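Student: So the chains spell out like this:
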Amino acid sequence: QQQVKQSPQSLIVQKGGIPIINCAYENTAFDYFPWYQQFPGKGPALLIAIRPDVSEKKEGRFTISFNKSAKQFSLHIMDSQPGDSATYFCAAALGGSNYKLTFGKGTLLTVNP
Amino acid sequence: ETGVTQSPTHLIKTRGQQVTLRCSSQSGHNTVSWYQQALGQGPQFIFQYYREEENGRGNFPPRFSGLQFPNYSSELNVNALELDDSALYLCASSLGGTAGNTIYFGEGSWLTVV
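The listed protein sequences correspond, in order, to chains G and V. Reading the first sequence from the start, the letters are residues 1 to 113 in this note's numbering. Reading the second sequence from the start, the letters are residues 1001 to 1114 in this note's numbering.
Just chain V, with the same shape it has in the complex (with noise of 0.2 Å):
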């Protein structure tokens, strides 16, 4: 067990619509990243958060954005959903933003978009 809780793990969303994942960090942690997960492939980075503020962003459109909490839990959000939106959304927690400082992944969120 890493720690880092996310929800829901599984749903199906229509193409157009919205939707909100969620994700708690492991206690004291006070950075998350987001990563998509195609089927077959490497985790692609989306978004960071160090301190509730977004602190780099991967090659995802702007309907992707996110948010950070005062307790260093975090949302991904997902506007117009496409088809290729389809993939599983890794959370991932660290102490500090900076390479070296062990990242630990939930288990993720499985998005279908049909």
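Chain G extracted, bound-state conformation (with noise of 0.2 Å):
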């Protein structure tokens, strides 16, 4: 069972445009969302992180959209960079002692020059 749904699977922007990752959840009791971006041969990275009690957060150009009712959550690259090209993944965790976080399956970004 897959319990956190990634969008698209790639992606591919022009310099200076704005990719958008969309992510849907179905577990309600989890409680912290972060993104993370991985380039080839290194582990992820955290980027940016969301609780549900809050409907938007932005941390640079990048801007994460929280929607609790529709259990789906968004990642937004302002004014992307070919540096910016990555795949990047969303997560969701339980709150609590026992913390794992909850993988999507990726997405590969290529912002062209």
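Source of the hints: derived by calculation from the structure; they are not laboratory data. Computed from a predicted structure; not experimentally measured. A couple of the hints might just be wrong.
Said to hold, decoys possible - Within a straight-line C-alpha distance of at most 20 Å, the following computed SDA-like cross-link-like pairs (lysine to any residue) qualify: (1) G/K42 <-> G/S85; (2) G/K42 <-> V/E1107; (3) G/K42 <-> V/L1039; (4) G/K71 <-> G/A49; (5) G/K42 <-> V/I1012; (6) G/K5 <-> V/Q1044; (7) G/K105 <-> V/D1084; (8) G/K105 <-> V/L1095; (9) G/K105 <-> G/G16; (10) G/K58 <-> G/I48; (11) G/K105 <-> V/W1110; (12) G/K42 <-> V/L1067; (13) G/K105 <-> V/Q1041; (14) G/K42 <-> V/T1005; (15) G/K105 <-> G/K58; (16) G/K68 <-> G/R51; (17) G/K5 <-> G/K71; (18) G/K5 <-> V/G1058; (19) G/K42 <-> V/Q1044; (20) G/K105 <-> V/T1005; (21) G/K42 <-> V/S1024; (22) G/K105 <-> G/F30; (23) G/K105 <-> V/E1001; (24) G/K105 <-> V/L1039; (25) G/K42 <-> V/T1112; (26) G/K42 <-> V/N1055; (27) G/K105 <-> V/S1086; (28) V/K1013 <-> V/V1113; (29) G/K105 <-> G/K15; (30) G/K71 <-> G/L94; (31) G/K42 <-> V/T1102; (32) G/K58 <-> V/Q1041; (33) G/K42 <-> V/S1086; (34) G/K58 <-> G/K42; (35) G/K57 <-> G/I20; (36) G/K57 <-> G/Y32.
Claimed, not checked - Sample of chain G residues at the chain V side, in silico, Cβ under 10 Å: (37) V4; (38) S7; (39) L11; (40) Q14.
Glycine included, C-beta positions come from ideal geometry on N, C-alpha and C.
Two chains, two separate frames, one set of hints: put the complex together.
Tutor: Below is the structure:
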């Protein structure tokens, strides 16, 4: 059972464009939603995260939009740059001491110059 | 750099063999989690160790086992290797096991089973 569904699988934009990656979750007990960026040969790195009591969070060029009723959240990358080309993963976690991340399958983003 | 180091970076094993992967967590972090990332997939949670005790396990068989040492470094052991065990194994460390504490990933150990 895939608890976090991510789309699209791949995405190509031009420099300066605003790629949007979407995720949907099933478990309403999830209460922490991070996004990770992964470059080839590297481990995932935390970009930005949100809690369900907030509808939007911005950090630099990265924005998470969160819709609790629809059980969906999305990542927007403003003014995208070729250096943003990477695989992006959404994830969700339950609170409490038993903390595991459930990841989506990833989106390969290519930003053309 | 996340301060999480893993070894070895690449290894090749034969089906049926056993493998041990090692992880040094970021300084001061008392929680280590292990994830398996198959090619083209998101990481999947294997288990977590908090202060040397297993603190949660994903949907992996018992031939996947682990240890955490007093210095909070950790090992992942996989027995009776199968071809499907070929993947990137990621170690992640955090301070505490609670959601919201930033999790830092290492660069992983690539395991190929032939």
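Student: Now tell me, hint by hint, if it's right for this structure.
Tutor: Hints, verified against the model:
no.: 1; hint: G/K42 <-> G/S85; verdict: holds (13 Å)
no.: 2; hint: G/K42 <-> V/E1107; verdict: holds (5 Å)
no.: 3; hint: G/K42 <-> V/L1039; verdict: holds (13 Å)
no.: 4; hint: G/K71 <-> G/A49; verdict: holds (15 Å)
no.: 5; hint: G/K42 <-> V/I1012; verdict: holds (19 Å)
no.: 6; hint: G/K5 <-> V/Q1044; verdict: holds (14 Å)
no.: 7; hint: G/K105 <-> V/D1084; verdict: holds (17 Å)
no.: 8; hint: G/K105 <-> V/L1095; verdict: violated (26 Å)
no.: 9; hint: G/K105 <-> G/G16; verdict: violated (25 Å)
no.: 10; hint: G/K58 <-> G/I48; verdict: holds (8 Å)
no.: 11; hint: G/K105 <-> V/W1110; verdict: holds (19 Å)
no.: 12; hint: G/K42 <-> V/L1067; verdict: violated (24 Å)
no.: 13; hint: G/K105 <-> V/Q1041; verdict: holds (5 Å)
no.: 14; hint: G/K42 <-> V/T1005; verdict: holds (12 Å)
no.: 15; hint: G/K105 <-> G/K58; verdict: violated (23 Å)
no.: 16; hint: G/K68 <-> G/R51; verdict: holds (10 Å)
no.: 17; hint: G/K5 <-> G/K71; verdict: holds (11 Å)
no.: 18; hint: G/K5 <-> V/G1058; verdict: holds (18 Å)
no.: 19; hint: G/K42 <-> V/Q1044; verdict: holds (16 Å)
no.: 20; hint: G/K105 <-> V/T1005; verdict: violated (24 Å)
no.: 21; hint: G/K42 <-> V/S1024; verdict: holds (16 Å)
no.: 22; hint: G/K105 <-> G/F30; verdict: holds (17 Å)
no.: 23; hint: G/K105 <-> V/E1001; verdict: violated (24 Å)
no.: 24; hint: G/K105 <-> V/L1039; verdict: holds (10 Å)
no.: 25; hint: G/K42 <-> V/T1112; verdict: holds (17 Å)
no.: 26; hint: G/K42 <-> V/N1055; verdict: violated (26 Å)
no.: 27; hint: G/K105 <-> V/S1086; verdict: holds (17 Å)
no.: 28; hint: V/K1013 <-> V/V1113; verdict: holds (5 Å)
no.: 29; hint: G/K105 <-> G/K15; verdict: violated (24 Å)
no.: 30; hint: G/K71 <-> G/L94; verdict: holds (14 Å)
no.: 31; hint: G/K42 <-> V/T1102; verdict: holds (17 Å)
no.: 32; hint: G/K58 <-> V/Q1041; verdict: violated (27 Å)
no.: 33; hint: G/K42 <-> V/S1086; verdict: holds (17 Å)
no.: 34; hint: G/K58 <-> G/K42; verdict: violated (25 Å)
no.: 35; hint: G/K57 <-> G/I20; verdict: holds (14 Å)
no.: 36; hint: G/K57 <-> G/Y32; verdict: holds (13 Å)
no.: 37; hint: V4; verdict: holds (8 Å)
no.: 38; hint: S7; verdict: violated (13 Å)
no.: 39; hint: L11; verdict: violated (15 Å)
no.: 40; hint: Q14; verdict: violated (25 Å)
Checked against the numbered hints above, the structure violates hints 8, 9, 12, 15, 20, 23, 26, 29, 32, 34, 38, 39, 40; every other hint is satisfied.
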